[in-house]
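K.L.:
So the sequence lines, in the order shown, correspond to chains A and B.
Per UniProt numbering, the first sequence starts with residue 1, numbered consecutively.
Per UniProt numbering, the second sequence starts with residue 1, numbered consecutively.
Hint data in this document are derived by calculation from the structure and do not stem from the laboratory.
Possibly wrong hints are sitting among the right ones.
You can't tell identical chains apart in this list, so a pair holds if it fits in one copy or across any two.
Below, in silico cross-link-like pairs of lysine-lysine (DSBU-like), each with a Cα-Cα straight-line distance of 35 Å or less [said to hold, decoys possible]:
#, residue 1, residue 2
1, Lys-402, Lys-316
2, Lys-419, Lys-114
3, Lys-248, Lys-24
4, Lys-114, Lys-248
Okay, here's what each chain looks like letter by letter:
Protein chains: 2
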Amino acid sequence: MALIVHKYGGTSMGSPERIRNVAKRVAKWARAGHQMVVVPSAMSGETNRLLGLASELAPSAAQTSYYRELDMLAATGEQASSALLAIALQAEGVEAVSYAGWQVPVRTDSSYTKARIESIDDVRVRKDLDAGRVVVITGFQGINPEGHITTLGRGGSDTSAVAVAAALQANECLIYTDVDGVYTTDPRVVPAAKRLNTVSFEEMLEMASLGSKVLQIRSVEFAGKYKVPMRVLSSFTPWDIDLAEESKSGTLITFEEDEKMEKAVVSGIAFNRGEAKISVLGVPDTPGIAAGILGPVADANIEVDVIIQNISKDGKTDFSFTVNQGDYQRALELLRDKVAPALGASEVVGNPNIAKVSIVGIGMRSHVGVASTMFRALSQEGVNIQMISTSEIKTSVVIDEKYLELAVRSLHTAFGLDKSE
Amino acid sequence: MALIVHKYGGTSMGSPERIRNVAKRVAKWARAGHQMVVVPSAMSGETNRLLGLASELAPSAAQTSYYRELDMLAATGEQASSALLAIALQAEGVEAVSYAGWQVPVRTDSSYTKARIESIDDVRVRKDLDAGRVVVITGFQGINPEGHITTLGRGGSDTSAVAVAAALQANECLIYTDVDGVYTTDPRVVPAAKRLNTVSFEEMLEMASLGSKVLQIRSVEFAGKYKVPMRVLSSFTPWDIDLAEESKSGTLITFEEDEKMEKAVVSGIAFNRGEAKISVLGVPDTPGIAAGILGPVADANIEVDVIIQNISKDGKTDFSFTVNQGDYQRALELLRDKVAPALGASEVVGNPNIAKVSIVGIGMRSHVGVASTMFRALSQEGVNIQMISTSEIKTSVVIDEKYLELAVRSLHTAFGLDKSE
């Protein structure tokens, strides 16, 4: 007997029929003798419906003064879907009880709309599990020290599930979603992309942060911190698929560097479309210029991705970074009108259509020449590299957006990912 | 400066536009210097939508084993509408905060789907009021001693509002609804029906229990127990109506017997359609026959209204009672097949189409001849009285359903209610 946490996304909970399928699947696991905790998202569309009502009432509802009430509002979506799932489980003949985050309680900090989980009490849940009940816990939400409801932000239910699994020291946390696992790259770009049976936690972290939408990055961080074995698998297989088969499907995110991982130098190709690049040229190279440039950018609530500072020449340096395309104009004007004059920079230039492509692999730690293989593959295809950024297990390049698909495909081939595992 | 509780029903909260109107009205009261607490119902249709989803998942969701989860589900409707109202208030420039029942907390017993409020803590709410905030509290729900969400049953938001007003010792509890007050009788039956400016708590209690749908009876009981001045008024007046005028509109439910009440012997005519009558004839008159007849009826979950036992003759008595028409066949069969044979009764007869008409008036206490005026008025119209039941401030008669309108109109005239106040 194991203690298993299942997480189901909004699509899997999207209709009574789908909720019934989730209940049948969970019932199958419970009947196999496992202690089951289920963390569902709100029914698909529900969170948007609620927030849509709010913005009809307050067109400026994005202001922080509304955040507390927006959390109070949005949290009802998961409470309703959790109660519905418990009802569906009971209808399947399985004893079940649902809890909102505050009832567990899932304690968070006080950052409304993007709270972080601080601790989860396991006493209440364990009592129900020991009494043979399936416990359904609302994803996405918790309670802050003052007793107000908080939410974890979009995709927070993944994090809820992993945090619950950590608190209960669950044997595995299964994230049921609309894809059947983690792929070497996006199959829509590279049809030869392969599903990975396993991926290391660190690789997953890089892939999640690099735009792979399979898992919310905070959930992966949480899994890493508490060593929660986590599996991504499809919620669209028939619910009555053989349990042994189901429990080996999808992609397992592991913490041990097994043999397979030693062999594959690069596990996947991640990419981000829709970025823009801005360079501040000829900045006097004095201490604090990074802060001088990025401080005002952060104050304007513009998120920055890759940051590169070249070595200085004649006491001057060039400073480049990437932002989302949606923030490009605003960032460019801010830098041209305010920041560059204040710092005495010579020029601000930009490119609104760039993309970032990264190779990710835990094997890069112990293999030399990985980056040069990457650069050679790209140069053979005539793809010009505009920026390079590296970390221990990934190498990212910034290229013109129009070369994105070509770059991803050529790298996928160059690192041998087209072959089956 | 007064402390005022407003309660708004589902229709008043039915759309963003209507919620905005509620916010504007509440803002007007707050700007006039009052401390404001608002108790909204769920947006109209929402509770039915949620429970509809539940019954799709569990066709037998009416079973008690589902009640805990149904409460968890249904409670989200008021949490969402409360958050939306707080958002709308903030958009009007009024500081506001919403609390779910468990946050106040509103403590109830553990009877899921029909819980009773046991106590309400006022510390948290008072702190917000003193800080100048409007406090929005979810109607219809609370938390039981085990920390589970409970609901008070349909119409429970009235009770929530009065209970909150009692806990805060509010100056007045205003129930905004889709009628503009309490009438001498249903204006659809008697066009000459008049709105009462005041009605005593005891009269209101009788009228509520006699089918007047204006207020939930438990809310009136609560108001009586804690002497909460309560006013029923229309939510369809323009929100910017003069506050002095608004605060005198509708019907005030009072606890003092003022001059006006001494004059009006009868305040209103209440009635219930859709009842049925069953008589068990020739029952041996031994102790315990009432229990012998009504026990099995209650066990079959059939609600009984008027109960009459005639004096016994030759050691035998006749026993009559009324039930809802929907329960008539079931009750009749139960009595014929099981109860009558067991008790040795001679016959069970029934009439599936009767109605109950009642005159209600606190003045009846000190006036003689009220009942005979009633009987005379009915006999002049040729209405045959089948049963009579009296209490200190009301007299009810059971008549053939087809005479209902005629009876109500003739009584309305006979007791001088057609004249303006």
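K.L.:
Can you give the numbers of the hints that this structure goes against, from lowest to highest?
P.N.:
Hint check: 2 fails alone, others pass.
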